[in-house]
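Q: Listed below, chain by chain, are the residues.
There are 2 protein chains.
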Amino acid sequence: MKITAFAGGVGGAKFAHGLAQILPPEDLTVIVNTGDDFEHLGLFISPDLDTVCYTLAELANPETGWGRMDETWNTISNIEKLGGPAWFRLGDKDFGTHIERTRRLKEGKTLSQVTQEFCEAWGIKPKVLPMSNAPVRTMVNTDEGELEFQEYFVHRHCEPVVKSFRFDGAEIAEAAPGVIEALEAADAVIFCPSNPWVSIDPILKVVKTITKPVVAISPIIGGKTVKGPAAKMFRELGIEPSAFAVAKHYRNILSGFVLDNEDLNLEKSISQLNIKTLATDTLMKQPTDRARLANDVLHFIRSLQ
Amino acid sequence: MKITAFAGGVGGAKFAHGLAQILPPEDLTVIVNTGDDFEHLGLFISPDLDTVCYTLAELANPETGWGRMDETWNTISNIEKLGGPAWFRLGDKDFGTHIERTRRLKEGKTLSQVTQEFCEAWGIKPKVLPMSNAPVRTMVNTDEGELEFQEYFVHRHCEPVVKSFRFDGAEIAEAAPGVIEALEAADAVIFCPSNPWVSIDPILKVVKTITKPVVAISPIIGGKTVKGPAAKMFRELGIEPSAFAVAKHYRNILSGFVLDNEDLNLEKSISQLNIKTLATDTLMKQPTDRARLANDVLHFIRSLQ
Numbered sequence: 094m095k096i097t098a099f100a101g102g103v104g105g106a107k108f109a110h111g112l113a114q115i116l117p118p119e120d121l122t123v124i125v126n127t128g129d130d131f132e133h134l135g136l137f138i139s140p141d142l143d144t145v146c147y148t149l150a151e152l153a154n155p156e157t158g159w160g161r162m163d164e165t166w167n168t169i170s171n172i173e174k175l176g177g178p179a180w181f182r183l184g185d186k187d188f189g190t191h192i193e194r195t196r197r198l199k200e201g202k203t204l205s206q207v208t209q210e211f212c213e214a215w216g217i218k219p220k221v222l223p224m225s226n227a228p229v230r231t232m233v234n235t236d237e238g239e240l241e242f243q244e245y246f247v248h249r250h251c252e253p254v255v256k257s258f259r260f261d262g263a264e265i266a267e268a269a270p271g272v273i274e275a276l277e278a279a280d281a282v283i284f285c286p287s288n289p290w291v292s293i294d295p296i297l298k299v300v301k302t303i304t305k306p307v308v309a310i311s312p313i314i315g316g317k318t319v320k321g322p323a324a325k326m327f328r329e330l331g332i333e334p335s336a337f338a339v340a341k342h343y344r345n346i347l348s349g350f351v352l353d354n355e356d357l358n359l360e361k362s363i364s365q366l367n368i369k370t371l372a373t374d375t376l377m378k379q380p381t382d383r384a385r386l387a388n389d390v391l392h393f394i395r396s397l398q
Numbered sequence: 094m095k096i097t098a099f100a101g102g103v104g105g106a107k108f109a110h111g112l113a114q115i116l117p118p119e120d121l122t123v124i125v126n127t128g129d130d131f132e133h134l135g136l137f138i139s140p141d142l143d144t145v146c147y148t149l150a151e152l153a154n155p156e157t158g159w160g161r162m163d164e165t166w167n168t169i170s171n172i173e174k175l176g177g178p179a180w181f182r183l184g185d186k187d188f189g190t191h192i193e194r195t196r197r198l199k200e201g202k203t204l205s206q207v208t209q210e211f212c213e214a215w216g217i218k219p220k221v222l223p224m225s226n227a228p229v230r231t232m233v234n235t236d237e238g239e240l241e242f243q244e245y246f247v248h249r250h251c252e253p254v255v256k257s258f259r260f261d262g263a264e265i266a267e268a269a270p271g272v273i274e275a276l277e278a279a280d281a282v283i284f285c286p287s288n289p290w291v292s293i294d295p296i297l298k299v300v301k302t303i304t305k306p307v308v309a310i311s312p313i314i315g316g317k318t319v320k321g322p323a324a325k326m327f328r329e330l331g332i333e334p335s336a337f338a339v340a341k342h343y344r345n346i347l348s349g350f351v352l353d354n355e356d357l358n359l360e361k362s363i364s365q366l367n368i369k370t371l372a373t374d375t376l377m378k379q380p381t382d383r384a385r386l387a388n389d390v391l392h393f394i395r396s397l398q
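Residue numbers (the numbering used here), protein chains in the order written: chain A, 94 to 398; chain B, 94 to 398.
The hints are simulated quantities; they were obtained by calculation from the structure and are not laboratory data.
One or more of the hints may lead you astray.
Below, a list of computed lysine-lysine pairs in the DSSO-like style, where the Cα atoms sit at most 27 Å apart [said to hold, decoys possible]: (1) LYS199/B <-> LYS199/A; (2) LYS220/A <-> LYS174/B; (3) LYS174/A <-> LYS301/B; (4) LYS199/A <-> LYS174/B; (5) LYS301/B <-> LYS218/A; (6) LYS301/B <-> LYS202/B; (7) LYS325/B <-> LYS174/A; (8) LYS220/B <-> LYS298/B; (9) LYS174/B <-> LYS202/A; (10) LYS220/A <-> LYS301/A; (11) LYS95/A <-> LYS301/A; (12) LYS202/B <-> LYS199/A; (13) LYS341/B <-> LYS325/B; (14) LYS199/B <-> LYS174/A; (15) LYS202/B <-> LYS174/A; (16) LYS317/A <-> LYS218/A; (17) LYS199/B <-> LYS202/A.
Far from chain A by the CB rule (all over 12 Å, computed), these chain B residues [what the hints assert, rightly or not]: (18) GLU210; (19) TRP215; (20) PRO270; (21) LEU376; (22) ARG395.
Being a predicted model, the structure only gives us computed values, none of them experimental.
For each residue, glycine too, the CB sits at the ideal point set by N, CA and C.
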């Protein structure tokens, strides 16, 4: 069974790692949100691509889910000492990734090419693709005006109240090479448990149509997000955050929806949206939870066919 | 007594640190070679400026004399793992300096301004000035053709045989703000024990004339350089490397010359160049040697007046 998965950062990366443990590498393509990408300290930073790659390569920091394992912080500390901008906490190993990516992009390579080269260097077997090589920038319209995503997310700790999102450049951005092909070759498309508003929606804006069955995994369990601001965003947009709200958000494109056992009470109302459901343990606390959940989801997808 | 010192990397930095321990900060200006500067990995790197500043701030690696104390190497290791250029071994703390310098230069600041800001952040009291804000690039003409300085020095480990040097841009480069003023205000100018060919000569090319008494300290002891390729360069240029050869190199501008006790036998021939001499222990093994040598040199300068 060929799977194309859409992923944002930590939750998406963990689930993609689960899929990678089960599927033969040639049957898995992970399409990663680049709406969070930004230029900072003169470097091109692709947070979700890095989180997905570090996780697939088993180089990720197990505590945070992002950044590198056994990381040191001497570069950013020296920048801070010099009075430079240090609010985006990049580790020393991580800086190597951004410096080398920036160098290759400035040489004229595309983000796809650089990502492929990095995957080879890190021994990542499944295909990892940025959603686009063209800049798409998630802009957060808040009660304090429109903010760039990282300004909102990291610098302002998601404090400003969200009113809407805009994916600057998405209308004209072409999907990166291989993205449309992967969607056409897939037996099913999985939306990893990533933020619907700022991780999955930007990818959808770029790919525009999906003709294959789509299954989404809820990033919201018991009304809360495991990580990140998805629940807060739902609330500020006037929607009670829940697995049901996530399913409803995607209702026009979903064949199936995976929710946590904790949210069993929502199964019926999701079914009424004409979406098949699977309730299981969706929380990926331990690395072994990733493959177990991926296995559950793949079985669920087979049952839909 | 107001001193303006010309310095390259390690030897120059150590002696400048000696001067800084004795002179009131307002009486010392260190003018630093920027001919070794280069752009690498998208970053503006000023090796001699950094070595001088790290040494004056007592942040330098005591083993190597360059780079930072208690350094880590995770950024460059990750770049290497990714297949990027890793021959110029930059440490993690050091990367912070280059990233922040590059950011400020791209904002439109001059190298002088950035250097002043970094000196303030690191608590460096004497004035440290780049020789110029305009690019001057030391080019090494070798038996393998002309090489950029760092290509020759670091990448090729000074292996190609030197035929001559060229300071690209030096003819049109203006001295950085404060350089000419510091030379005019000085009671004497000191050439630190730095490489005559590639550390002091580029500064001389830019400042063009010195009207004040000049004293040089030999970077060559017993026919050998303490560090770096100066002796090898003399030899390849057909000159027997020695303290005498250094004095002769500067003969038209020197009032006094400081040589090591080991080279006492050369004192007479240096005197015959109409240059006053001081023989003392010039090797700066221990940090305390720096102030001792600086003190000796300052006494010598007073004796010349």
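Q: Hints first: check each against the structure and report whether it holds.
A: Comparing the hints with the structure gives:
Annotation: proposed proximity of LYS199/B to LYS199/A holds, straight-line Cα distance about 15 Å (limit 27 Å). Distance restraint check for LYS220/A and LYS174/B: the Cα-Cα separation of roughly 19 Å lies within the 27 Å cut-off, and the hinted pair is therefore satisfied. A threshold of 27 Å between alpha carbons decides the hint, and for LYS174/A with LYS301/B the separation of about 36 Å lies outside it, so the pair is violated. For the hint linking LYS199/A to LYS174/B, the alpha-carbon distance of about 19 Å falls within 27 Å, and the restraint holds.
This hinted pair does not check out: LYS301/B and LYS218/A have alpha carbons roughly 60 Å apart, beyond 27 Å. With a C-alpha separation of about 25 Å, the suggested pair LYS301/B and LYS202/B falls inside the 27 Å cut-off, and the hint holds. The hinted pair formed by LYS325/B and LYS174/A fails the criterion: a straight-line CA distance of about 39 Å is larger than 27 Å. Our distance criterion of 27 Å between C-alpha atoms is met by LYS220/B and LYS298/B, whose separation comes to about 21 Å.
Among the hinted pairs, LYS174/B with LYS202/A is consistent with the structure: their alpha-carbon atoms are about 19 Å apart, no more than 27 Å. For the hint pairing LYS220/A with LYS301/A, the CA-to-CA distance comes to about 21 Å; that is within 27 Å, so the pair holds. A C-alpha spacing of about 20 Å is found between LYS95/A and LYS301/A, which places the hinted pair at or below 27 Å, so the restraint holds. In summary, the hint linking LYS202/B to LYS199/A is supported, as the alpha carbons are separated by about 22 Å, within the 27 Å threshold.
A C-alpha spacing of about 17 Å is found between LYS341/B and LYS325/B, which places the hinted pair at or below 27 Å, so the restraint holds. For the hint linking LYS199/B to LYS174/A, the alpha-carbon distance of about 19 Å falls within 27 Å, and the restraint holds. The suggested pairing of LYS202/B with LYS174/A holds, with an alpha-carbon distance near 19 Å, which does not exceed 27 Å. Note on LYS317/A and LYS218/A: the hinted pairing is violated, with a Cα-Cα distance of about 33 Å set against a maximum of 27 Å.
As the CA atoms of LYS199/B and LYS202/A are separated by approximately 22 Å, the hinted pair is consistent with the 27 Å bound. With a least beta-carbon separation of about 7 Å from chain A, GLU210/B fails to lie farther than 12 Å from that chain, contradicting its non-interface assignment. With 12 Å as the threshold on Cβ separation, the claim that TRP215/B sits away from chain A is violated: the shortest Cβ distance comes to roughly 8 Å. Annotated as non-interface, PRO270/B keeps its C-beta farther than 12 Å from every C-beta of chain A; the closest such distance is 21 Å.
With a minimum CB-CB distance of about 31 Å to chain A, LEU376/B clears the 12 Å threshold, and the non-interface call stands. For ARG395/B, the shortest C-beta to C-beta distance to chain A comes to about 38 Å, beyond the 12 Å cut-off, and the non-interface label holds.
Against the hints set out earlier in the document, violations occur for numbers 3, 5, 7, 16, 18 and 19.
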